[in-house]
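Engineer: What follows is the residue order along each chain.
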Amino acid sequence: QQPVQSPQAVILREGEDAVINCSSSKALYSVHWYRQKHGEAPVFLMILLKGGEQKGHDKISASFNEKKQQSSLYLTASQLSYSGTYFCGTLPPQRDKIIFGKGTRLHILP
Amino acid sequence: GAVVSQHPSRVICKSGTSVKIECRSLDFQATTMFWYRQFPKQSLMLMATSNEGSKATYEQGVEKDKFLINHASLTLSTLTVTSAHPEDSSFYICSGMAGRGTDTQYFGPGTRLTVL
Numbered sequence: 237q238q239p240v241q242s243p244q245a246v247i248l249r250e251g252e253d254a255v256i257n258c259s260s261s262k263a264l265y266s267v268h269w270y271r272q273k274h275g276e277a278p279v280f281l282m283i284l285l286k287g288g289e290q291k292g293h294d295k296i297s298a299s300f301n302e303k304k305q306q307s308s309l310y311l312t313a314s315q316l317s318y319s320g321t322y323f324c325g326t327l328p329p330q331r332d333k334i335i336f337g338k339g340t341r342l343h344i345l346p
Numbered sequence: 002g003a004v005v006s007q008h009p010s011r012v013i014c015k016s017g018t019s020v021k022i023e024c025r026s027l028d029f030q031a032t033t034m035f036w037y038r039q040f041p042k043q044s045l046m047l048m049a050t051s052n053e054g055s056k057a058t059y060e061q062g063v064e065k066d067k068f069l070i071n072h073a074s075l076t077l078s079t080l081t082v083t084s085a086h087p088e089d090s091s092f093y094i095c096s097g098m099a100g101r102g103t104d105t106q107y108f109g110p111g112t113r114l115t116v117l
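In the order they appear, the protein sequences are chains U and Y.
Under our numbering, the first residue of the first sequence carries the number 237, and numbering increases by one thereafter.
Under our numbering, the first residue of the second sequence carries the number 2, and numbering increases by one thereafter.
If you're looking for bench data, these hints aren't it; they were derived computationally from the structure.
There are no misleading hints in this set.
In silico contact screen, one side only, chain U against chain Y (beta carbon under 10 Å); selected entries:
#1 Tyr270
#2 Gly275
#3 Leu285
#4 Leu327
#5 Arg331
#6 Arg341
Glycine included, every Cβ here is placed at the ideal spot set by N, Cα and C.
Chain Y with its partners taken away, still in its complex shape (with noise of 0.2 Å):
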């Protein structure tokens, strides 16, 4: 299967700091990056959907201005959490999907954010 990346795989921060996340496609080109949320023993929760090149598409309730996402290139998107709180700590996973027609996304390892 795809390999996807992420980095960094644990942060810790302290309350009102931003965190960047990156995902990279290691041997596929991304046309579409989703983020996901997952919380602890509970299922993945879609946050927002990039395209490369274009603003992403956030899901009814994911604050835009909080969770910024740039997908630059065909291999990299970011997730920035800004001004991160405590109930932001959650365990974040990007997936990235190879092109049109080919709907299977492969999911990075995650990443685990702590905000102190």
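This is chain U alone, in the form it adopts within the complex (with noise of 0.2 Å):
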């Protein structure tokens, strides 16, 4: 069943912080969160396993629990290179395929 993303959509001045979200209806095993260009393919950034965990790197960072089958992904002093959409995809616990929610996009104005 495909996750659900919110916002579908943010407009932020460059500097500002933004949180996606992405949340599912079934157990996860872990998700997974990409970033879109247009015209582009999908660029892998960071994936988080069940048992609950954070990462991040430079400004960008993610939460993910596991209970609340959510995650979350933060944006901090955002920069015009982060525009794009994301996805977040969730793999269930069989681990056969990963389902991509419907995306955010995020557009950052100078």
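Build the complex from these two chains, which are given one at a time in their own frames, with help from the hints.
Structural biologist: Following this line, the structure appears as structure tokens:
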């Protein structure tokens, strides 16, 4: 079942923070975050495994609450290069295939 | 991260012709490859999963006779759109997964197919 992402779209000014949420109605093994720019393929950002964890690199971090079946992606002090569509992908316990959410479009204004 | 290439990046064809798209993992062996289709401003819709040396597993609603998938080696998978029609026009993206226990998928740059 497709995970639900919120918000659908965000417009920020450079330097502002953003949070993108991803929730599933099913149990999860892991959550995967990708960013896609227009006309390009998705680029892998990070994977979070069950057991509940947080990860981050640079000013982009994420958390995964296994019990709530939710993950959040945090973008701190956003840069123009952060613009794009962010997809979360959820992998169920049987680890057969990742199902992607509908995406969150992020637009950073100078 | 691992690199996946796709060829061609863009193709325009006439209705009724067949188009082959290649997906290669350049610096890792992809035991599993996935094929997605993406319409403008929409999500990635999984079409099929292919494991090297075995038949692909198609998602519900995807015609296996129309979208032929071959995963002949650990570094190459092909998608052939047979008798393409305008409604098949889309952005086709493949991804490769390095191996069991490694769930991360690395995506190719995509192929934009336009059927006239």
